[in-house]
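Colleague: Build out the structure end to end from the sequences listed, making use of the hints.
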Amino acid sequence: MIKRDDGLKILARHIPDDIVVAVYSTAFDWVQIRPHALNYFAVGAMGLASSHGLGLALGRPDRRVIVLDGDGSLLMNLGSLATIANAAPRNFFHFVCENGTYEANGDHPIPGRGRLSFSGIAREAGYAATHEFADIGVFEQQIGSALGETGPVLIDLKLVPGTESPRDYRGLYAAERRATFRSALMQL
Amino acid sequence: MTGSLPGAAIIAAIKSAGVRFVMTVPDIVSSEGLLHPISRDSELRLIRVCKEDEAVGISAGLAACGQRSMLLIQHTGLLDSINALRAVAVEYSMPVCLMVGLLEKEPGVAPTKSGRYGVRIVQPILDAMSIVHHLLETEDDVPIIPKAIERAYTDSKPVVMLLGRRPTP
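For the record, the sequence lines run as chains H and P.
For the first sequence, this note's numbering begins at 1453 and goes up steadily by one.
For the second sequence, this note's numbering begins at 154 and goes up steadily by one.
Worth double-checking, as some hints may not be accurate.
Computed footprint of chain P on chain H, listed as stretches where at least three residues anywhere in the stretch have a Cβ under 8 Å from a Cβ of chain P [what the hints assert, rightly or not]:
| # | stretch |
| --- | --- |
| 1 | 1488 to 1499 |
| 2 | 1564 to 1577 |
| 3 | 1582 to 1594 |
| 4 | 1603 to 1613 |
To give an idea of the interface, some chain H residues facing chain P are shown, with a C-beta separation under 8 Å as derived from the structure [unchecked claim]:
| # | residue |
| --- | --- |
| 5 | S1503 |
| 6 | G1531 |
| 7 | S1635 |
| 8 | L1637 |
| 9 | M1638 |
So the derived label-pair ranges between C-beta atoms look like this [stated by the list, open to error]:
| # | chain 1 | residue 1 | chain 2 | residue 2 | range |
| --- | --- | --- | --- | --- | --- |
| 10 | H | D1559 | P | D308 | 32 to 42 Å |
| 11 | H | P1513 | P | S169 | 34 to 44 Å |
| 12 | H | P1613 | P | S192 | 43 to 53 Å |
| 13 | P | R269 | H | A1464 | 45 to 55 Å |
| 14 | H | G1572 | P | G268 | 45 to 55 Å |
| 15 | H | L1640 | P | D194 | 22 to 32 Å |
| 16 | H | P1613 | P | G271 | 36 to 46 Å |
| 17 | H | V1590 | P | L288 | 26 to 36 Å |
If you are wondering where the hints come from, they were derived from the structure by calculation, not from laboratory data.
Don't be surprised by glycine CBs; every beta carbon is placed ideally from N, CA and C.
Modeller: Listed below in structure tokens is the structure:
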């Protein structure tokens, strides 16, 4: 298993200026690891990260869009895998931060924990490529290559919590952050 | 009330407002008059979604990129998407435009007077959410469309356009 903050630090080195949609526990860690105007946290309703990401990928096909989804979140919107595969955005990279729990809601297990395969579901839905990483060394070695593939690509990260960042909900979801994102995107 | 609702006029109005993406779950109300023609229209990119709330997220992402879009769904899908609309469109003030078929609404009868429970509750729910809505019953109502879309994007607010009858092909 990969400690979440360790994995995100490696990822951040590969995507210094990409558009990133992140949710829940991952979002709090991500904003500390890669503070950036192109971080998008305005998902609003649980499960919709992949859909926001699809909109961004379709709206800006010239930019790589990274979605840092949760496993419980993606289970709420599994149909989006078929939608995304069908729309086939070449610039769409869908990470599933799989910790097997609804971590932000009391650490309860997700349905199918340890049995279902997100990469398998995405592959059969029609994603162009899928990967699974449970070892930090392998992840560090191969993530650069995976990010160079043609999307949509799903990358399942088998995670455990690492060093937790502050949970500042108000700051993460502030209106100013959304305005900053839109402004930065328009200037690209 | 008599009259018809020409699908071609609706599509022209949507395009005149700058909409280039349409997200849909098929609805028999709009299938013949709108969705089939839109699927053949090279000026509109049709994104087929599995569930209507996906389209709320897609619309928000597109709007952040300066791209205009519209959801074409049934009122049952609107009801299923209430939480996404609450969060993304209302609380986050995103310009989400929806065209919604009122399945089994009686033409010429106000939605709130419909014999169908699911139709009767739509406008009161939108009012409770402070979401602007318009009823499209005849061709005379079509000019509302570009104005409503323009206002949604100018004010960064959601708007719902309710199809009071089946648009004609």
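Colleague: Against this structure, judge whether each hint is valid.
Modeller: A quick look at each hint next to the structure:
{"no.": "1", "hint": "1488 to 1499", "in the structure": "holds (count 6)"}
{"no.": "2", "hint": "1564 to 1577", "in the structure": "violated (count 0)"}
{"no.": "3", "hint": "1582 to 1594", "in the structure": "violated (count 0)"}
{"no.": "4", "hint": "1603 to 1613", "in the structure": "violated (count 0)"}
{"no.": "5", "hint": "S1503", "in the structure": "holds, 3 Å"}
{"no.": "6", "hint": "G1531", "in the structure": "holds, 3 Å"}
{"no.": "7", "hint": "S1635", "in the structure": "violated, 10 Å"}
{"no.": "8", "hint": "L1637", "in the structure": "holds, 6 Å"}
{"no.": "9", "hint": "M1638", "in the structure": "holds, 6 Å"}
{"no.": "10", "hint": "H:D1559 / P:D308: 32 to 42 Å", "in the structure": "holds, 41 Å"}
{"no.": "11", "hint": "H:P1513 / P:S169: 34 to 44 Å", "in the structure": "violated, 24 Å"}
{"no.": "12", "hint": "H:P1613 / P:S192: 43 to 53 Å", "in the structure": "holds, 46 Å"}
{"no.": "13", "hint": "P:R269 / H:A1464: 45 to 55 Å", "in the structure": "holds, 52 Å"}
{"no.": "14", "hint": "H:G1572 / P:G268: 45 to 55 Å", "in the structure": "holds, 47 Å"}
{"no.": "15", "hint": "H:L1640 / P:D194: 22 to 32 Å", "in the structure": "holds, 29 Å"}
{"no.": "16", "hint": "H:P1613 / P:G271: 36 to 46 Å", "in the structure": "holds, 43 Å"}
{"no.": "17", "hint": "H:V1590 / P:L288: 26 to 36 Å", "in the structure": "violated, 58 Å"}
The structure fails hints 2, 3, 4, 7, 11 and 17 (numbered hints given earlier, in ascending order).
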